[in-house]
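**Q** Protein chains in written order, with the working numbering: chain Y, 1 to 66; chain Z, 67 to 548.
Calculated from the structure, these hints are not laboratory results. As the structure is a prediction and not an experimental result, all values here were calculated from the model. Please note that a few of the clues may not be correct.
[To be verified] Simulated pairs of lysine-lysine, BS3-like, Cα-Cα distance not exceeding 30 Å: (1) K160(Z) <-> K172(Z); (2) K172(Z) <-> K347(Z); (3) K172(Z) <-> K153(Z); (4) K515(Z) <-> K404(Z); (5) K347(Z) <-> K330(Z); (6) K347(Z) <-> K41(Y); (7) K41(Y) <-> K172(Z); (8) K524(Z) <-> K404(Z); (9) K330(Z) <-> K172(Z); (10) K330(Z) <-> K41(Y); (11) K160(Z) <-> K330(Z); (12) K153(Z) <-> K41(Y).
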Amino acid sequence: MMHIYAGILLPSSVLNSDWFAVLAAFVAINTIIYVTLAVAKILPRFRLRFITKYFQKNRRIESRGI
Amino acid sequence: METKWLARIVGLVITAVAVGAAFLLAQIVILHPDLGVPTPIKEGLLGEWDLLYSSARPPASVFWAAVALALLAAAGIAIIERYAMRKARLSLNKRETPLSPILIMKETAGRHYPLTLTVLVPAHNEEAALPVTLPALMAQSYQPDRIIVLADNCTDSTIAVAEQHGAEVFVTVNNKRKKAGGLNQVLATFLPTARDNDIVMVMDADTSLDAGFIEAAMDRFRNDRALMSVGGIFYGENGHGLLGQFQRNEYIRYSRQINRRRGKVFVLTGTSSLFRPAALKAVAEARGHTIPGHEGDVYDTIALTEDNELTIALKSLGALMVSPPRCTVVTELMPDRKMLWTQRMRWQRGALDNIGAYGITLATARYWAQQMGIGYSVIALYSYMLMMLITVIAVDTWIWFPFWLLIGAVFIVERIVTVWRGGWKARLLALTLFPELGYDMYLNAIFVKSIWDITWDKKAHWGWEQTEQSVLASEATEGLAP
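Use the sequences and the hints to build the structure in full.
**A** Written out as structure tokens, the structure reads:
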């Protein structure tokens with residue numbers, strides 16, 4: 001008896017096709033890009049404090065208050 | 067303006083960049099087909115069940131390349147924005163950037179006018195909202211000197227209600243240009259006599275300011291005379307079920323982002339923003355010359371999103387602006403899908419129109435990048451959904467992918483953390499991940515429709531059909547008049 005591999009609507013061989021491999025890899029890379037941005041949103045914000053501090057002394061040479 | 071041609075092809079430019087980037091990535095993937103090939107499937111056992119799992123994951127080099135790409139893109143946009151701000155701060159070009167802090171500091175040196183506040187409340191049939199808004203405004207820890215309700219084409223008792231609550235009333239005359247037109251009328255009478263520190267606040271009649279909003283904003287103006295504008299940060303009101311929760315989560319994430327940017331402004335929200343007179347005067351003078359619009363108008367009456375347009379106008383003129391964390395307001399949400407669609411179509415189309423009108427400049431670079439980012443996210447999200455769909459309908463045996471489950475878990479953590487302050491309902495919705503992905507797909511569809519419309523020059527509208535029709539009708543009648 002022959003065993004037919006089949007999904008609900010499409011044959012499961014679709015998942016082993018070349019174009020699906022391309023789609024999967026495209027999605028995989030995008031997912032990593034977006035998960036990187038997601039991690040960046042969770043972590044405390046990265047700031048170059050020492051650089052900001054260095055330039056800070058050049059700023060506000062006078063009070064800007066009214 | 068020489069950039070007028072951009073207005074029509076703005077959609078094509080954004081589409082070309084987004085599709086181009088996706089195409090480039092697809093080419094790389096095709097040239098290196100091994101990137102997506104799953105490694106052999108191993109069978110594992112977990113308790114009573116047989117579980118099939120695959121250790122498939124991208125090679126380390128691909129993983130780190132994608133991480134680097136994401137960080138570079140984010141850093142690139144941040145650097146451009148920082149460069150634009152720094153350039154505006156130090157610009158001595160009086161014609162192009164009359165509002166640059168360095169110029170304003172020189173102009174106002176030695177002038178010490180007292181700080182005053184005039185609140186403008188545009189109102190079109192707002193008899194129901196004013197009895198809540200006006201007393202709340204007067205109960206703020208910093209009392210406004212004047213509150214002026216702009217009664218615009220009102221057919222209800224807006225005028226009487228406003229007077230009852232102690233506000234001044236300005237009745238617009240023959241205004242056919244909605245909120246922007248009404249504001250232009252009152253500002254034309256206010257600005258000529260306004261001095262450096264006579265701050266103007268524009269707020270919607272249905273907005274409720276959080277306690278301490280005005281005090282925090284006025285402190286900023288007191289401490290920095292080069293500061294041209296303070297914008298509110300908005301949160302969604304309660305109610306409206308699941309659709310309301312989607313919008314609340316969206317607004318919470320947006321405000322969190324603003325706070326993490328230390329108040330760097332995206333949009334000076336029309337719901338509540340404050341301006342120095344110099345800022346509004348400079349915009350009115352520059353229109354038709356260095357920025358789009360009619361000379362003499364503070365607000366661009368053609369723009370669908372006049373607050374976004376004014377923000378870009380001010381940034382183009384070098385103005386310093388901030389959204390302080392204490393300046394929060396609660397704004398109304400769209401109660402059903404149809405109204406949400408109309409509102410977002412207007413926002414999205416307005417945003418595209420605005421950057422098209424201004425062209426690609428240092429001041430608009432951040433906004434272009436944002437639209438291109440949305441364009442790319444449409445491709446990324448829909449291709450992800452397509453892959454999931456194909457997998458689900460083609461798979462004969464369910465296989466678990468631990469690596470991708472871990473990635474999914476990170477996404478869920480991010481969704482939850484970013485709405486944490488919204489309470490358990492917000493977190494619960496974030497935890498389920500897919501409903502919010504569905505909401506994102508809905509917003510993406512609106513983006514695509516806007517791009518389509520702008521490219522084929524379909525007319526955009528305000529979504530206030532009643533008003534729109536009456537305006538069109540009155541204009542048509544005028545045309546017929548002898």
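**Q** Taking the numbered hints from earlier one at a time, note which ones the structure violates and give those numbers from smallest to largest.
**A** 6 and 7
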